[in-house]
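Given the structure of chain A, go ahead and fit chain B onto it with the hints provided.
Residue numbers (my numbering), protein chains in the order written: chain A, 1 to 266; chain B, 267 to 522.
The hints are simulated quantities; they were obtained by calculation from the structure and are not laboratory data. Each hint can be trusted.
Negatives, chain B to chain A, calculated, CB over 10 Å:
id, residue
1, 324
2, 439
3, 516
Partner residues aside, some chain A positions facing chain B, computed with beta carbon under 10 Å:
id, residue
4, 52
5, 56
6, 98
7, 109
8, 113
Note that beta-carbon positions come from the ideal geometry of N, C-alpha and C, so glycine has one too.
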Amino acid sequence: MNSTQTPRISIRGLSKRFEDKVILEDVNLDIMPGTSMSVIGMSGTGKSVLIKCILGLLKPDAGEILIDGENWLALKQNEQLARMRRVGMLFQHAALFDSLPVWENVAFALLKRGEKKPVARERAIEVLNWVGLQKIENLMPAELSGGMAKRVGLARTICHKPDIVFLDEPTTGLDPIMADVINRLIVRLHKDSGTTILSITHDMKSAAMISDQIAMLCHGLIHRQIPAGKLDSDTDPMLRQFIEGRAEGPINCSHWGKKIEEAINR
Amino acid sequence: MNVLVSVGRLAEAVFMHAGLYALTLGQTIRRMASRPWHARMFFQQAEEVGVQSLPVVLLTALFTGMVLALQSYIVFHRFAAESLTGLVVSMSVVRELGPVLVGLMVAGRVGASFAAELGTMRVTEQIDALWTLSTDPVRYLIMPRLIAVTLMMPLLVIVADFVGIYGGYAISIYMLDQNPAVYIENTTQYMELTDFYSGLVKATVFGMLIGMIGCTEGFNCQGGAAGVGRATTRAVVISCMSILVSDYFLTAWMFG
Numbered sequence: 001m002n003s004t005q006t007p008r009i010s011i012r013g014l015s016k017r018f019e020d021k022v023i024l025e026d027v028n029l030d031i032m033p034g035t036s037m038s039v040i041g042m043s044g045t046g047k048s049v050l051i052k053c054i055l056g057l058l059k060p061d062a063g064e065i066l067i068d069g070e071n072w073l074a075l076k077q078n079e080q081l082a083r084m085r086r087v088g089m090l091f092q093h094a095a096l097f098d099s100l101p102v103w104e105n106v107a108f109a110l111l112k113r114g115e116k117k118p119v120a121r122e123r124a125i126e127v128l129n130w131v132g133l134q135k136i137e138n139l140m141p142a143e144l145s146g147g148m149a150k151r152v153g154l155a156r157t158i159c160h161k162p163d164i165v166f167l168d169e170p171t172t173g174l175d176p177i178m179a180d181v182i183n184r185l186i187v188r189l190h191k192d193s194g195t196t197i198l199s200i201t202h203d204m205k206s207a208a209m210i211s212d213q214i215a216m217l218c219h220g221l222i223h224r225q226i227p228a229g230k231l232d233s234d235t236d237p238m239l240r241q242f243i244e245g246r247a248e249g250p251i252n253c254s255h256w257g258k259k260i261e262e263a264i265n266r
Numbered sequence: 267m268n269v270l271v272s273v274g275r276l277a278e279a280v281f282m283h284a285g286l287y288a289l290t291l292g293q294t295i296r297r298m299a300s301r302p303w304h305a306r307m308f309f310q311q312a313e314e315v316g317v318q319s320l321p322v323v324l325l326t327a328l329f330t331g332m333v334l335a336l337q338s339y340i341v342f343h344r345f346a347a348e349s350l351t352g353l354v355v356s357m358s359v360v361r362e363l364g365p366v367l368v369g370l371m372v373a374g375r376v377g378a379s380f381a382a383e384l385g386t387m388r389v390t391e392q393i394d395a396l397w398t399l400s401t402d403p404v405r406y407l408i409m410p411r412l413i414a415v416t417l418m419m420p421l422l423v424i425v426a427d428f429v430g431i432y433g434g435y436a437i438s439i440y441m442l443d444q445n446p447a448v449y450i451e452n453t454t455q456y457m458e459l460t461d462f463y464s465g466l467v468k469a470t471v472f473g474m475l476i477g478m479i480g481c482t483e484g485f486n487c488q489g490g491a492a493g494v495g496r497a498t499t500r501a502v503v504i505s506c507m508s509i510l511v512s513d514y515f516l517t518a519w520m521f522g
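Chain A on its own, in the form it takes in the complex (with noise of 0.2 Å):
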């Protein structure tokens, strides 16, 4: 990797409070184009509230979010709307449109972009396809089972071509099978197409196996950014707590780690 190159995403400062609840304190971050990052830590450490910050999905209290250097906090919001064409998100519940049949979910950026019907369609046939879904084009997204509509979500995310991709929790929710599909779609992505990848998760198989850099946010801060590959070998004790996935350790030092301490001797 080339240190002089430009971020395709840099986090800097960037502070979330909810009321008097911090979430992000400080959060700083770089991710290099062609670049699979995984952000991983516990429930309710605000992965996704720094997912939706990225995206203006939020509105942060300080910080800088540059993409390929430009700062999107400072852009005016129908500049951001148009940055979004470069921008791909899968919602944890894939998120898709109920009124619409699956290929019009997937073609859904083209056709607002003024692409012509016939060929959104075909090119959504096309995606359905590479996620593995024949003739289920002109279904209902309440006629899909969850993997099927992960999947669907995930041609949606990528059906545009976008060269940054968010995925917020992929595998929650899933058999491990299809949870295994819809990992081996994702590194299939990545090495196909280089497209830099953003994903939230707890599940460390699924981290593991999409990722080249592995980030734990802990109580507002990027603990620890590792490669992947170290993931096994790593002797930071909140990392080793949480790829273990024990009760006991240094992560339960924070103010609702008592709560469990007490319900486990309980």
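Chain B in isolation, oriented as in the chain A frame:
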């Protein structure tokens, strides 16, 4: 002290909601000046608001006109002024009952549907998904709904006016044995065009209120399925109250 805290909280909630409504309306009007206008969404909503509300509006208007004729006749009969029944029915329907009753029906049907639909989209992250697909949610979801209900309300009221007047006519002529020629002459002689227009002005304002309140409640919904339920209830209650309150002020402004 508790009373003061409660009053303070209530005042805060009222001002917060009023501010949100004004903000939504302002954001929507600002977007109307430029493309894209999402015409397909507008026609879809116009069909939903206008055509699909017709049965409930027609039924309401017909029976209101019929009841009004019956009640007016009974009162006028006491001082031998039955011939005024047609005028009273027409004036009441066109100036007051048409827009208000249609408004209340549409608030229950359409305002609730706007809040529930947008609320569900909010809690299932579909609104966030729109943004990430470079689509402005206010322009795509709120603008077509607000324009549709504002334009469809006067059209529904025109239909309701005719049906309500016909309901009164039918009862007066076929049940109360009034002279049709006298009935029509008395009705048309004293009615002015401004009576009709005032009802349409009211309908337009009520439509805008229903759209603004329903969309804002749904769009800013929080708290899962229970939150959607609360937003829907609030949308209907606040829309109905706004219609009744604004009706007084509009009447005072136009005829005061």
